[in-house]
Amino acid sequence: MDKKRILIIDDEPDFVRVVQLRLEAAGYQVLAAFDGMQGVSAAHKEKPDVIILDIMMPAMHGHRVCEALKKSAKTWTIPIIYLTAKGNKEDEELAYKLGAEHFLTKPYDPQVLLRIIEKALDPDAQLQKYEAKEKEKV
Amino acid sequence: MEHEKQIKIVKGWKDQQRKAMLPKPFSEVIRVLLIEDNHGYAEIIGIMLDRSHDIRFDLKNAASLLEGLKHVVKDAIDVILLDLKLPDSRGIETFDTLYSRAQSVPIIVLTAIDNDKLALEAVKKGAQDYLVKDQVNSKSLVHAIRYAVERKRMAEMLFTAAHEWRTTFDAIGNVVCLIDYERNIIRCNKAMTELLNMPFTDIIKKNCCELIHGSRMPIKGCPFETLKKTYGREEILLQRRDRWFQISVDPLIDERKNLIGGVHIMTDISREKEIDRMKSELISNVSHELRTPLSTIKEGIALLFDGSLGGLHLEQKDMLSRVKSNVDRLSRLIDDLLDMSRIEAGKMEIEKSFVDISALIKEVISSFQNQANKKNIKFVITIMKNMLPMYIDRGRISQVMTNLISNSIKFTPAYGCITVEIRDGKKEAEISVSDTGIGIAQKNITGLFDRFSQFDREYGPGERGTGLGLPISKEIIEMHGGRIWVKSESGKGSTFIFTLPRLCLDRTIP
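In the order they appear, the protein sequences are chains A and B. Those letters in the first sequence? Residues 1 to 138, by this note's numbering. Those letters in the second sequence? Residues 1 to 510, by this note's numbering.
Same shape as in the complex, but just chain A (with noise of 0.2 Å):
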C-alpha cells in the first residue's frame, strides 16, 4: 500500500521541517508549501490525503484558504487540520464554521497531532463523522 500523503501549508520553513521529520518517522509522506496561493494549488494537483493549515500566512489567509478548498469540488474531501499559533475562539470557531477538521494550536502535543491524523485518515470515521452531519441537515 502506497504511504498516505499530508500536505503542510505554513510560512515558517524551520516548523515545517520538523513536523515533516515527525511525520516522515510515522510513516507518512509530506508535501510542503509555504504561503496560502501555493498551498491551494499544490492541494489540486497533488491530491493529498489530510492537509495540515497555518492561519497567518502571506498571500492567502488560512481561512481563506480552506474556504477556496472546501468549496471546490475537487478537493472538498480532503480533511483539513488547523495548526496555528492564532488560537482565538473566533478563529476556532470560523474553523469548523468553514468545515475543518480539528484546529491545534502552537506548540502542540506530537502525539494528539498522529492521532488526529490517523483518525481523519479512517475511511469509517470519516463516513460516520458525514453522516451525523447529515442526519443534522435533516
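Treat the hints as calculated values from the structure; they're not laboratory data. Be aware that a few hints might be false.
Cross-link-like lysine-lysine pairs, in silico, PhoX-like; alpha carbons within 25 Å at most [said to hold, decoys possible]:
| # | chain 1 | residue 1 | chain 2 | residue 2 |
| --- | --- | --- | --- | --- |
| 1 | B | Lys-487 | B | Lys-410 |
| 2 | B | Lys-352 | A | Lys-129 |
| 3 | A | Lys-71 | A | Lys-86 |
| 4 | B | Lys-410 | A | Lys-86 |
Far from chain B, some chain A residues (derived; all Cβ distances over 10 Å) [unchecked claim]:
| # | residue |
| --- | --- |
| 5 | Tyr-28 |
| 6 | Glu-131 |
| 7 | Lys-133 |
Cβ atoms here follow ideal geometry from the backbone N, Cα and C, with glycine treated the same way.
Chain A is already provided as a structure; the job is to place chain B on it using the hints.
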C-alpha cells in the same frame, strides 16, 4: 550662597504675606483728603483729627471737585471726606463723578442735617459711610474714618481671595463641581463647561445626575448617595460616551456638622485605560508570536531526544533534557502571560463538563511524582470515596492544581510533606494543598493573589515564576463561583484552600 539667598527670599515672602493678612496697625499715618469749599469747616475737621491720640492723620484740603480729583490722581489717599455741595458740582453727581474716578479709595460723605436722603443714596451707590456735619465730633469722625478704611480693605481682601480662588478653580484641568444635598450644581469650573460644552449659566442650579448621565435619578452606585451614609470620600469609575472617568466626591459640611453637599471631581483616565489596553494587546501579540518559534524548538528537541534523527550518547541526552525542561518552562510562562491578557481583556472562558475531580487531582499529583521524588517529598492524599462528578472546566481546574502543587514543591525543603485533601459537602467541595515549606510572612499574604506580586524572597530555592500563577488561579476559581484563600505562617508551611460549588450559575465577568 544661592541656596541661602533663596531661603531668605522665601522667608521674606512669607512675612509679606502674613502682613497682608493682618489688619494694618494704625500707628502709621492715615492720609485724608477733604473735599470741602467751606474753609472754616475744613479747619474744624483738621482740629478734630488732631485731637486723636492714637492715630496720626495727614489732611489735605481741596476746595472743589476738580481739585479733589487732581489729588486723587497725584497723591496716595487712604480715605476721602466729601461734601456733596461744591462750587463745580452739586448733589449726587458729585459723588458719582468722584466714585467713578477713585473706586479703590473709601469715601465718607459729609452732609447737612436736611440732606439725609442724598447721603443714603450715596451709601447705596458705594460710599462707605456718611456723617451729618453738625453732629460730628472728634471721636465719631475718627471712628468713621477708621472703619471706612478697614471695611474697604476687608472688601478688597475678600475680592482678591475670591478672584484667586476662581482663577485656581478654573485652572484645574480636572472637572470640579460643588453640589448641594439634592445634587444640584452650585459651582463648577471651566473644565466642566468644556466637558459638557455648555456655558456656566446653563450648568449652575441644574441637577448633576441629569447633566452627567442624562437622568434625574442617581445611577446605581452613585458615590454621593453612598457618601450620605459614610460621610467620607467616595470613588467610582464611570464611562461617559467614549471616555473613562475616575470620580470622587468629598463631603461638604457646614459649621454645625450637617452634610450640605459634596465636592465632585472627575478625572479623565481614558489615556490610562488606553495604555492599559495597549499593554494587554502587546503582551497578547508578543506571546502569540513567541509560540511559533517555541513550537519549532520543542519539536526539534523532541525529535533529537527520541532518536528519530539517530542515537545520542548519554551526555548529549543529559544536556538535551536540560534544554527541554527550560523550553517547557518558557512555554509555561508564555501560557501564563496569555491567560493574564485574556483575563484583563475579559476574554477568559471556561468550558464545563462533568469531571471526576479526585481522578483529576490524582493525575496532576502523579505528573509531579518525579519532581517530588528528587527532593524526597512525600505526598499524602485524603479523598472521600464515591464522590459525585463535579461540573467544572477540566483543563482550568487542573491548571489551578498544577499551580498550587508546583508552588508547594518549590517552597518545601527536602524530606517535607505535601498533603492534598478533598472534602465533599452538600453545596460545595473544598480542596486544600498543605505543605511543610517555608511559609509566607503575614505582610505578604495580603497581596498574594494580586498580579505580579512576587515579593522579595531572601531565601527559598529554585526558579522564580511570573507571579501570575495565583492571580490566574483566583480568576479561574471565581469564574467557577468558588473562593480561594491561604493560611500560612512564616516558617511553618502554607495551606492553600479553594472551594468549588456543586451547582452554580455561570458568573459573568464584569
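Tested hints:
At roughly 17 Å between alpha-carbon atoms, B/Lys-487 and B/Lys-410 fall within 25 Å of each other, so this suggested pair holds. A C-alpha spacing of about 24 Å is found between B/Lys-352 and A/Lys-129, which places the hinted pair at or below 25 Å, so the restraint holds. This hinted pair checks out: A/Lys-71 and A/Lys-86 have alpha carbons roughly 24 Å apart, not beyond 25 Å. Only pairs whose Cα atoms come within 25 Å are accepted, and B/Lys-410 paired with A/Lys-86 is rejected, the gap being roughly 32 Å.
At the 10 Å boundary, the C-beta of A/Tyr-28 stays outside the reach of chain B, the nearest C-beta of that chain being 13 Å off. Distance check on A/Glu-131: its Cβ is at least 25 Å (rounded) from any Cβ of chain B, clearing the 10 Å threshold; non-interface status holds. Chain B leaves A/Lys-133 outside its interface by the beta-carbon criterion, the shortest separation being 22 Å against a cut-off of 10 Å.
Hint compliance for this structure: hint 4 is the single one not met.
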